[in-house]
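Visitor: Sequence:
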Amino acid sequence: MMRCLSSAAAACCGRTFRLMSTEAFVLSLEKVQHQLSVSERKQDLILHGRQLFENETLDDIHTAWNPVVAGKICHAATQLRISPTKGQPFGAVLELSLTPEATDATDASSLARIAHSCLVLRSPQLYEILFTYIRKLIAVAPTLDTVSCAVLINAYGRAQVHHEELYRALCDRAAIVMRDQRTFIAHIANVAHALARVQYFHRDLFLVLRDQAERQASQGPPLVAVTILDGFAEVGFVDDALFTALEQRLIGEVHDLPAPLMASLVSCLAKAGRAPSALFTACGERIVATGSIFDSNSIARTCDAFRRANVAAEEVFGTLAERACKVVTDFRVDEINLTLSALASFDLFDGELFPLLASRFVSTVKQGGFVNPVDAAGILASFAAVQERSDELVHVCTQLLSTHREAIDGMTLVQSLWACIVLNVRNEAQQNLLQCLTSGAVALPDESTAAKESKVALDRLLTVKKAYGFK
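Take 1 as the starting number for the sequence shown in our numbering and just add one per residue.
Please note that the accuracy of each hint is not assured.
[As the list claims (entries may be wrong)] In silico lysine-lysine, DSBU-like type, Cα no more than 35 Å apart, as pairs: (1) K72 x K86; (2) K42 x K72; (3) K72 x K271; (4) K271 x K465; (5) K271 x K452; (6) K466 x K455; (7) K326 x K471; (8) K471 x K452; (9) K326 x K366; (10) K42 x K86; (11) K452 x K466; (12) K465 x K452.
[Stated by the list, open to error] Computed Cβ-Cβ distance ranges for the label pairs, DEER-style: (13) Q248 x D180: 39 to 45 Å; (14) S218 x G318: 32 to 38 Å; (15) T103 x R168: 17 to 23 Å; (16) V238 x Q35: 43 to 49 Å; (17) P260 x T438: 42 to 48 Å; (18) H62 x V327: 20 to 26 Å; (19) K86 x R135: 30 to 36 Å.
Rather than coming from a laboratory, the hints here were simulated on the basis of the structure.
Quantities reported herein were computed from a predicted structural model and do not represent experimental measurements.
Think of the CB as a built atom: it goes at the ideal place given N, C-alpha and C, for glycine as much as any other residue.
Starting from the given sequences, assemble the full structure and let the hints guide the process.
Guide: Take a look at the structure:
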């Protein structure tokens, strides 16, 4: 059933909308989905599918809504990568899915499709959907199948919803159903990654994920293998057999890795303490050969990974520093901090890069961009570590830190004051920072806490205590 809006209404809207029954809309979507699987005209079909979502209005959705219909529409929306805010059908389905009646009626499979679509499409209603269904999911968790388990854990974890009871229920079930030999390796990767995002370690489930990932180590694209390694490293479950299997597989694919994936790989190897490996060495060689393809984020994460691994690969740092000079205007403040901190930790001063990144940082601050005080302290300390003074950088950093002095933690304050000592900074902002410690407004960290962070942190704390007479 299809009826056109009146010409007057269409003129008011500036575009022609059509009223369509929900049944006809779903049939149209299913036709597009079928054609996508058999036709080579994929771009045309995707465009047509998106236009259905943007131009059609479901006149009977309030009476036609049911969990199966909602699941089908959301699944198609995900497949077509629609805009979640354009058109009526997708938004109407989500609104109706939030009613108490819908919450009671919706089955787990349909909910998985709804939640997944909200996550992938970045729907403004993502968190409302996720929070609305928490109690329902806890109740039905023992009935979930493999795919629903994986999709729902992925949705809640990637959205960083923290709810221990929910994860316990979902993971208890996943530890059973994901033993199925037919479980896709992509689901293994997504679940490991999602749980790592919320730092939820369920030993029984991770043992199942380990066994499945090791069995399917050769399956899936490199992204899947790196995602699994990263998830396991993040929760601290570094299984030697699993890591060895995936590392051996990836060493033959290093030449095909794009820069962001290379950065993720060296980062998770450093996190897992697997830097002294053939794969880490191969990554370094490849970075030197392909440094010209790295963007600012990949540069920063790669530099930070080598710092955390304590691998002073001067050729790698030199290549990335040279590339960073060419993309300096793309750097965010946190990326500037990671890059400079890594170089400074090995006493590697680049006479071109340091001033360029300092200028980029100062420009960002003056333009009113957000700056985390931790990053400002880190950048200032990096210049101090290589004993390079930039008066404008010192002024901007100390002013910013002074402004936020009561909101920063003790170690950040120590980092800032240590830099001021090394660079011989004595200004009003520095005095304000010192006053925070002497007045007790910010507690001075104890030596054991600093030592746990790093030997460098402990040395800097001792320097500050000695210079300012703290006991």
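Visitor: Are the hints correct? Go through all of them and say.
Guide: Evaluation of the provided hints:
About 18 Å separates the Cα atoms of K72 and K86, which keeps this hinted pair within 35 Å; it holds. Between K42 and K72, the direct Cα distance comes to roughly 20 Å. Compliance with the 35 Å bound is thereby established for this hinted pair. Between K72 and K271 the CA atoms are separated by roughly 40 Å; this puts the pair beyond 35 Å, and the hint is violated. In summary, the hint linking K271 to K465 is supported, as the alpha carbons are separated by about 31 Å, within the 35 Å threshold.
For the given pair, K271 sits about 16 Å from K452 by alpha-carbon distance, which is consistent with the 35 Å threshold. This hinted pair checks out: K466 and K455 have alpha carbons roughly 17 Å apart, not beyond 35 Å. Under the criterion of a C-alpha separation no larger than 35 Å, the hint pairing K326 with K471 is inconsistent with the structure, at around 47 Å. Under the criterion of a C-alpha separation no larger than 35 Å, the hint pairing K471 with K452 is consistent with the structure, at around 20 Å.
A hinted pair counts as satisfied when its Cα atoms are at most 35 Å apart, and K326 with K366 qualifies at roughly 22 Å. The straight-line distance between the Cα atoms of K42 and K86 is roughly 21 Å, inside the 35 Å bound, and the hint therefore holds. With a C-alpha separation of about 20 Å, the suggested pair K452 and K466 falls inside the 35 Å cut-off, and the hint holds. The straight-line distance between the Cα atoms of K465 and K452 is roughly 18 Å, inside the 35 Å bound, and the hint therefore holds.
Distance hint check for Q248 and D180: the Cβ-Cβ separation is about 26 Å, which falls outside the suggested range of 39 to 45 Å. A beta carbon spacing of about 35 Å between S218 and G318 agrees with the range 32 to 38 Å that was offered as a hint. Distance hint for T103 and R168: a CB-CB separation of about 21 Å, consistent with the stated range 17 to 23 Å. The hint said 43 to 49 Å for the Cβ distance between V238 and Q35, and at roughly 46 Å that hint holds.
The supplied range of 42 to 48 Å is met by P260 and T438, whose beta-carbon atoms lie about 45 Å from each other. Judged by the Cβ atoms, the range 20 to 26 Å given for H62 and V327 is violated: they are separated by roughly 51 Å. Hint check: K86 to R135, Cβ distance near 32 Å, so the stated range 30 to 36 Å holds.
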